[in-house]
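S.K.: Sequence:
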Amino acid sequence: MTINQYHPETLSVRAGSEMTEFGENSEALFLNSSFRFNSAAQAAARFGGTEPGNIYSRFTNPTVTMFQNKLAALEGAEQCVATSSGMSAILACVMGTCNAGDHIVASRSIFGTSVQLFSNILARWGLLVTFVSLTNPDEWQAAITPRTKLFFVETPSNPLTDVCDIQVLADIAHKAGAYLVVDNCFCTPAIQKPLQLGADIVIHSATKYIDGQGRCLGGAVLGSKVLMEPVYGFLRTAGVTMSAFNAWVFLKGLETLYVRMEAHSKNALALAAWLEVQPQVACVYYPGLPSHPQHLLAMRQQSSGGGIVSFDLKAKLGQTQQQAAWALIDATQLISITANLGDAKSTITHPATTTHSRVTAEARTAAGIGDGLVRIAVGLEHIDDLKADLAFLTK
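Heads up: the sequence shown runs through residues 1 to 395, numbered per this note's numbering.
No wet-lab data here; the hints were simulated from the structure.
Don't be surprised by glycine CBs; every beta carbon is placed ideally from N, CA and C.
Any given hint could be a false lead.
[As the list claims (entries may be wrong)] List time: in silico DMTMM-like cross-link candidates among lysine to aspartate or glutamate, alpha-carbon distance up to 25 Å:
#1 LYS266 with ASP384
#2 LYS395 with GLU276
#3 LYS175 with GLU139
#4 LYS252 with GLU51
#5 LYS252 with GLU24
#6 LYS225 with GLU18
#7 LYS266 with GLU139
#8 LYS314 with ASP330
#9 LYS225 with ASP171
#10 LYS316 with GLU262
[Unchecked claim] Simulated restraints on C-beta separations:
#11 PRO146 with ASP171: 41 to 51 Å
#12 SER357 with GLY177: 32 to 42 Å
#13 PHE35 with GLU276: 35 to 45 Å
#14 ALA361 with ASP330: 47 to 57 Å
#15 PHE245 with LYS225: 20 to 30 Å
#16 VAL168 with SER357: 27 to 37 Å
#17 LEU334 with LEU31: 56 to 66 Å
#18 ILE55 with PHE245: 46 to 56 Å
#19 ASN120 with LEU31: 51 to 61 Å
#20 GLU9 with GLU381: 34 to 44 Å
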């Protein structure tokens with residue numbers, strides 16, 4: 001059997017690995033900046049692209065290459081370009097595919113820092129961005145201009161877990177001559193494969209579930225070789241490079257990705273169902289719940305609901321919604337108060353004052369992020385212990 005004939009769980013363990021002459025069973029870590037050549041002619045051939053091989057770890061490193069090949073096999077992509085963080089992956093994607101004056105249509109329901117990148121930084125370099133509803137295809141169609149180059153979505157979204165129909169948006173984008181970019185951070189290829197659903201490019205923050213234990217920063221851009229060539233060219237020049245050490249850590253994370261995502265999803269579904277019946281909870285947002293507005297769509301596109309649960313709290317008499325949210329967060333003793341997600345440890349945060357604090361109040365309201373919203377990235381602890389840590393809700 002060829003490597004691509006194996007099941008995804010096997011690919012997560014075996015794909016991309018290359019052994020040196022020493023026969024190591026775990027991928028080697030190449031912590032070096034440059035690579036020697038046998039001759040001046042070989043050096044010229046490597047730099048000229050007529051001979052494959054490693055040159056300089058800013059853009060060629062064996063450990064990073066193994067990570068790229070493994071993740072590409074899992075996503076079903078022709079090529080993966082690994083970057084220094086999830087945000088640098090978005091930057092590399094846009095800089096590699098767009099020019100000044102081009103237009104991007106993006107969902108309002110994206111990570112707060114992504115909003116800042118599009119609105120405040122890329123806009124200064126002549127890139128135009130229109131924000132629309134993630135779940136309303138008519139708004140995407142109406143936003144198209146002759147210069148539209150990219151559609152950009154997170155699905156499920158951060159933090160409300162809204163879900164878009166990837167194939168529908170892909171069809172709209174393609175008819176306009178644009179590409180659909182899907183940030184697949186929340187699901188990973190263990191739960192959702194956007195390229196198979198019509199997307200052109202997939203983005204990852206490897207910092208999250210791909211690592212799985214909150215250790216390293218990294219990102220990835222995946223797609224066809226044609227689309228990845230200018231993205232790789234940007235990385236080679238600009239140096240938004242994944243370190244070899246981080247790539248080695250992510251390789252180990254990918255080996256357990258499928259079993260971890262199954263466990264995260266199981267815990268999250270149980271916690272979401274429990275939260276729905278708590279009197280202090282006004283609304284729970286989780287794609288695995290039948291009450292979720294895009295539940296049926298999510299279950300067509302995803303193999304499970306994922307590990308992120310968000311919910312709105314009711315404020316008690318004389319209490320603001322933010323005070324209600326902060327009181328719950330401060331009452332926890334087990335769950336970590338941090339804005340990161342994808343860790344084996346459950347984390348809890350107040351999006352309006354953390355991940356989306358730099359977004360205007362008007363934009364937060366348009367995205368449905370209220371002052372009473374709490375997001376939990378459900379980890380791998382026992383579900384009964386997580387419920388006990390949230391017992392403040394039952395009092």
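S.K.: Using the C-beta atoms of PRO146 and ASP171, is the stated range 41 to 51 Å upheld?
M.R.: Given range 41 to 51 Å: violated, Cβ gap about 19 Å.
S.K.: Does GLU262 sit within 25 Å of LYS316, going by the straight-line distance between their CA atoms?
M.R.: violated (36 Å)
S.K.: Taking the Cβ atom of GLU9 and the Cβ atom of GLU381, is their distance within the range 34 to 44 Å?
M.R.: violated (23 Å)
S.K.: For a C-alpha distance cap of 25 Å, please report whether LYS252 and GLU51 respect it.
M.R.: With Cα atoms ~30 Å apart, LYS252 and GLU51 exceed 25 Å; violated.
S.K.: Between LYS266 and GLU139, is the straight-line Cα distance small enough, at 25 Å or below?
M.R.: Violated, at roughly 34 Å.
S.K.: Within 32 to 42 Å: is that where the Cβ-Cβ distance between SER357 and GLY177 falls?
M.R.: holds (36 Å)
S.K.: For a C-alpha distance cap of 25 Å, please report whether LYS225 and GLU18 respect it.
M.R.: It holds: about 21 Å lies between the C-alpha atoms, which stays within 25 Å.
S.K.: Sort out whether GLU24 lies within 25 Å of LYS252, counting only the CA atoms.
M.R.: holds (14 Å)
S.K.: Compare the distance between the alpha carbons of LYS395 and GLU276 with 25 Å, and conclude whether the hinted pair is satisfied.
M.R.: holds (15 Å)
S.K.: Do PHE35 and GLU276 keep their Cβ atoms within the hinted range of 35 to 45 Å?
M.R.: violated (56 Å)
S.K.: Could you say whether the range 47 to 57 Å given as a hint is met by the Cβ separation of ALA361 and ASP330?
M.R.: violated (23 Å)
S.K.: Please verify whether LYS225 and ASP171 have alpha carbons no more than 25 Å apart.
M.R.: holds (21 Å)
Hints 4, 7, 10, 11, 13, 14, 17, 18, 19 and 20, counting from the list given before, are not met by this structure.
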